[in-house]
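*Asks:* Here are the chains, one letter per residue:
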Amino acid sequence: MNTATPTDPGITETERAELRRHGILLTGLEELYNWGRSHSVWPLNFGLACCAIEMIAASMAKFDIARFGSEVFRPSPRQADLLIVSGTVTKKMAPQVVRLWNQMPEPKYCIAMGACAISGGPFKQGYNVLKGIDRYIPVDIYIPGCPPRPEALLHGLVQLQEKIRRQAISGPEAPRHLRAEGDCNCPIPECGAHDLEPPQNAALWPVPPALVRPTRT
Amino acid sequence: METLAQLRDRLLARFPAAEVTVVTNPSPSAQHALRVDAHHAREIAGFLRDDPALQLDQCTNVTGIDWPEKEVVDAVRTTVPDPAGGTPRVVEEKIKRLEPGRLEVVYHLYSIALRHGPVVLRLVTGNRTDAVTLPSLTPVWRSCEFQEREVFDLFGVAFEGHPDLRRILMWDGFQDHPMRRDYREPDDYEWEPTPHGDVLAKAKRHYPAPAPSAP
Chain A
1 MNTATPTDPG ITETERAELR RHGILLTGLE ELYNWGRSHS VWPLNFGLAC
51 CAIEMIAASM AKFDIARFGS EVFRPSPRQA DLLIVSGTVT KKMAPQVVRL
101 WNQMPEPKYC IAMGACAISG GPFKQGYNVL KGIDRYIPVD IYIPGCPPRP
151 EALLHGLVQL QEKIRRQAIS GPEAPRHLRA EGDCNCPIPE CGAHDLEPPQ
201 NAALWPVPPA LVRPTRT
Chain B
1 METLAQLRDR LLARFPAAEV TVVTNPSPSA QHALRVDAHH AREIAGFLRD
51 DPALQLDQCT NVTGIDWPEK EVVDAVRTTV PDPAGGTPRV VEEKIKRLEP
101 GRLEVVYHLY SIALRHGPVV LRLVTGNRTD AVTLPSLTPV WRSCEFQERE
151 VFDLFGVAFE GHPDLRRILM WDGFQDHPMR RDYREPDDYE WEPTPHGDVL
201 AKAKRHYPAP APSAP
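Protein sequence lines correspond, in order, to chains A and B. The opening residue of the first sequence carries number 1 in the numbering used here; numbering runs sequentially from there. The opening residue of the second sequence carries number 1 in the numbering used here; numbering runs sequentially from there.
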């Protein structure tokens, strides 16, 4: 590809690769900063259900999440960059998950791991399970599976690294924590008499448009 | 171990004021139960635990059953003699009666010492609304504690004498009892690709049926 990147418009990718072969690294601040960030994503040491077992397996020697710089599972949300929602989020647990998310410093990312964290999974129509953590906090990467294999988690992590590397550090494309008007906190739902109140964060989860039931042909 | 009928007779001899009945289970498992009145349940439970021939020292399972109020039709056959002297006619009469709603708590008891069991014990509440108090058997079998809390949480049976009767699965401010048959969960249906059964009924309520296409 011979197009100039927006970070250094005067030079093409091939020319940069050519320079790299001669031992000269040419980069921009944004690229360097994001490269560094993307290889030290520290997850929160937090598991909810059986997906957490796969997450633990991913951090062990065989799958070795340390290859991607994410082996430092932090016991405190104050030190973590990544919330892996690994498992079923019950309605009783959901306020605590949102509170943990609010306690994490920006820049922070969220991976919804497994069918339950994405949509409620096999417990979707039950009375006690949240139908997806994206009703309350913004999710960056969804990893389907029940539970996903450790390889799938690693793939999700690599996708997240790609996403981090594409983030702008200034300008209108900058993520929420770099903008003055951005509010990083999510409102914590209350445990009401019959359900969580509110049942979703309206800013994140707009009420879906009315669908028409498909007919069987 | 003695049969349930023998056990019932022994209990009635020991506690003459108690009501003990054998509830037969017609299914292939044939796990028959002893229904015990709530007033004497604690004494009877203590007897079952301490009696040297039974020594039911382990309560493995406590669960609840919800019986909503329902209409039962009983067919009663009466023989009417023919006044003319012919063969008597058999008249079948259908009598409707209202079976009152009630909650039931079931205890499964085993003996570790004598290696027998289970003996199934059933307690029945007066109704489903205000007379839902039953004696707690936690003072007799400590293992009942969390399971009685679960029955309290999901069925709404109040256990008198329980050391720590709080909800165990749902949060404290929750007001419903989700395992009761008339429980309606919050109306937060979401689209399902292949709904069936109850979920299909929900889908029909939530999504408009497609408009009939022009012929």
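Worth flagging that the hints you see were computed from the coordinates, not collected in a lab. Each hint should be verified, as a subset may be incorrect.
What the hints assert, rightly or not - One-sided and incomplete, this derived list gives chain A residues near chain B with beta-carbon spacing under 7 Å:
1) 92
2) 191
3) 193
4) 194
A quick note: this is a predicted structure, and the numbers were derived from the prediction, not measured. Every residue, glycine too, gets a C-beta built ideally from N, C-alpha and C.
*Asks:* Closer than 7 Å between Cβ atoms is the bar; does residue 194/A clear it against chain B? Give me holds or violated.
*Replies:* 6 Å, holds
*Asks:* Can the hint on residue 191/A be confirmed by a CB-to-CB distance to chain B that is less than 7 Å?
*Replies:* 4 Å, holds
*Asks:* Any CB of chain B closer than 7 Å to the CB of residue 92/A?
*Replies:* 5 Å, holds
*Asks:* With chain B as the partner, please determine if residue 193/A meets the hint condition of a C-beta pair closer than 7 Å.
*Replies:* 5 Å, holds
The structure fails none of the hints (numbered hints given earlier).
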